[in-house]
Amino acid sequence: MRDYTVGGPEAKNAEENNLVEADWYRPELDRETMRALMVRSNGIAARDTILWLVLLVGSGVLAYLVRGTWWAIPAFALYGVMYGSASDARWHECGHRTAFRSRRTNDVIYHIAAFMDFREPISWRWSHARHHSDTIIVGRDPEIAFQRGAPLLNTLLELFAIRTIVAESKKLFLNSIGRPTTEQADFQPREEMPGSILWSRIYIAAFAGVSVWCIVVGSVLPAMFIGLPTIYGRWLMVVYGITQHAGLAEDVLDHRLNTRTVMMNRFNRFMYLNMNYHLEHHIFPTVPYHALPKLHAAVADQLPTPHRSIWHALREILPTLIRQRTDQAVALARTLP
Amino acid sequence: MNGPRWHVIGSVDDVARQDVIGVAVAENLVAIVRTADDRFFALDAVCTHGRASLTEGFVDGTEIECPKHNGRFDVATGEAVASPARVGLGTHPCRVNDGCIEVQL
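Residue numbers (the numbering used here), protein chains in the order written: chain A, 1 to 337; chain B, 1 to 105.
Calculated directly from the structure, the hints in this document are not laboratory data. Since the structure is predicted, the reported quantities are computational estimates derived from the model, not experimental observations. Ideal Cβ positions, reconstructed from N, Cα and C, are used throughout, including at glycine. Fair warning: there could be bad hints in the mix.
Partial selection, computed: residues in chain A whose CB lies under 7 Å from chain B [unchecked claim]: (1) Glu21; (2) Met38; (3) His96; (4) Arg97; (5) Ala129; (6) Ser133; (7) Thr286.
Calculated Cβ distances over 12 Å to all of chain B for the following chain A residues [what the hints assert, rightly or not]: (8) Met1; (9) Ala14; (10) Leu37; (11) Phe118; (12) Ile122; (13) Thr181; (14) Asn265; (15) Thr326.
Work out the full structure: start from the sequences and follow the hints.
Given below as structure tokens:
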């Protein structure tokens, strides 16, 4: 199996092959259209954020009211998905600061969503910047979620965030005593470590507080609302996330070869904040999520045909991941216009 | 040795409001920004974070956003105002003279 360690031996190969901080393919798009697509909107982002918070709080209140009955299962399932899955897209969009026009509002929602995703907010901002610099460049990209040759058990465990929680817990502990992880030191400037130290300590204190609360009341109920939804509500985020890059090419400088766009219905596009237009997002990360359908229409003739549905994408992804367990040379090819 | 001098880089109509263009001035790539209220600014065109060209960026008020990682700079001072941008950009005197944009470099 290739060594996916960021800063590891593959990083040297990437450097030698001019794959680091390289120039990537961009479709042609006139400047006037592009300028219009990049405009931010507090109104649209506020509407979608309020709806998310209403669903989150509403399902949480419902879950509390029906606790101890069978109705608690669907109520917590809905709450968990709003907490552990929908937060991922909010974290992502506000991390790019493209959701709202206001930088402060983006940052507030970013930190709330990062907590729900169990991601230390400072290091993940730098991790994601690297993901955009060197998308699926082995040895450079810290966010290659579906690595060739990895056991399928990893994917199943990730449905419940198990591997993420183990890795992030280790990072939180190290950061809290002032030490970055080896990979983190590769993509996060040392000057940004004080922020990671602070947030790691806040996270540890928060989860310790929830644990003490559970012990005091003699029930796991507080953790069912804070913390555990990251685990039991994570699955939908993985279903969306697997469609982004899994099974496609590594070490290329054309997002059309390593990133896919998948058409989704209105509910999924609300939950995922239009990140199903993932190829367009990677090529033009300054375009806010609400303008991605228009961007897609503007450049569609220069991109591969998008998948018709999540299921349509999974039908090519899952068999490919299985084949890549034994043959890491296997990759899905794309026909370029 | 020659000191900095003013270079005519084009007409004010070459840059739309709330937008940016790139021009080569004395072997340097310079980003010319026009704000919504018709003020012009000249900055180094390459982002200090990720080597991307700011001439493809987004002008929002008096800030310009990098097209690759969304880092932001103040167009008047060059100061980095949003991560992952951390190091400021070089700025250059810029003026409008008889409908032409001039940059000192």
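Given hint Arg97 (chain A) near chain B, where the shortest CB pair must fall under 7 Å: 6 Å, holds
Interface exclusion of Asn265 (chain A) relative to chain B, criterion Cβ beyond 12 Å: 28 Å, holds
Hint validity - Ala129 (chain A) Cβ closer than 7 Å to any chain B Cβ: 4 Å, holds
Agreement of hint Met38 (chain A) with chain B interface, Cβ distance less than 7 Å: 4 Å, holds
Closest C-beta approach of Thr286 (chain A) to chain B relative to 7 Å, hint status: 5 Å, holds
Distal placement of Met1 (chain A) relative to chain B, Cβ over 12 Å: Since the minimum Cβ distance to chain B is about 29 Å, Met1 (chain A) lies beyond 12 Å and the statement holds.
Given as non-interface: Phe118 (chain A), which should sit over 12 Å from chain B by C-beta: 21 Å, holds
Separation of Ile122 (chain A) from chain B, once the least beta-carbon distance is taken, above 12 Å: Violated, since 9 Å does not exceed 12 Å.
Minimum Cβ-Cβ distance from Thr326 (chain A) to chain B exceeds 12 Å: Correct as stated: the minimum Cβ-Cβ distance to chain B is 36 Å, above 12 Å.
Interface restraint verdict for Glu21 (chain A) against chain B (beta-carbon cut-off 7 Å): Cβ of Glu21 (chain A) sits 5 Å from chain B, so the hint holds.
Restraint check, 7 Å cut-off on beta carbons, for Ser133 (chain A) near chain B: 5 Å, holds
Exclusion check [Thr181 (chain A) not at the chain B interface, CB over 12 Å]: 18 Å, holds
Violated hints, in rising order: 10, 12; the structure is consistent with all others.
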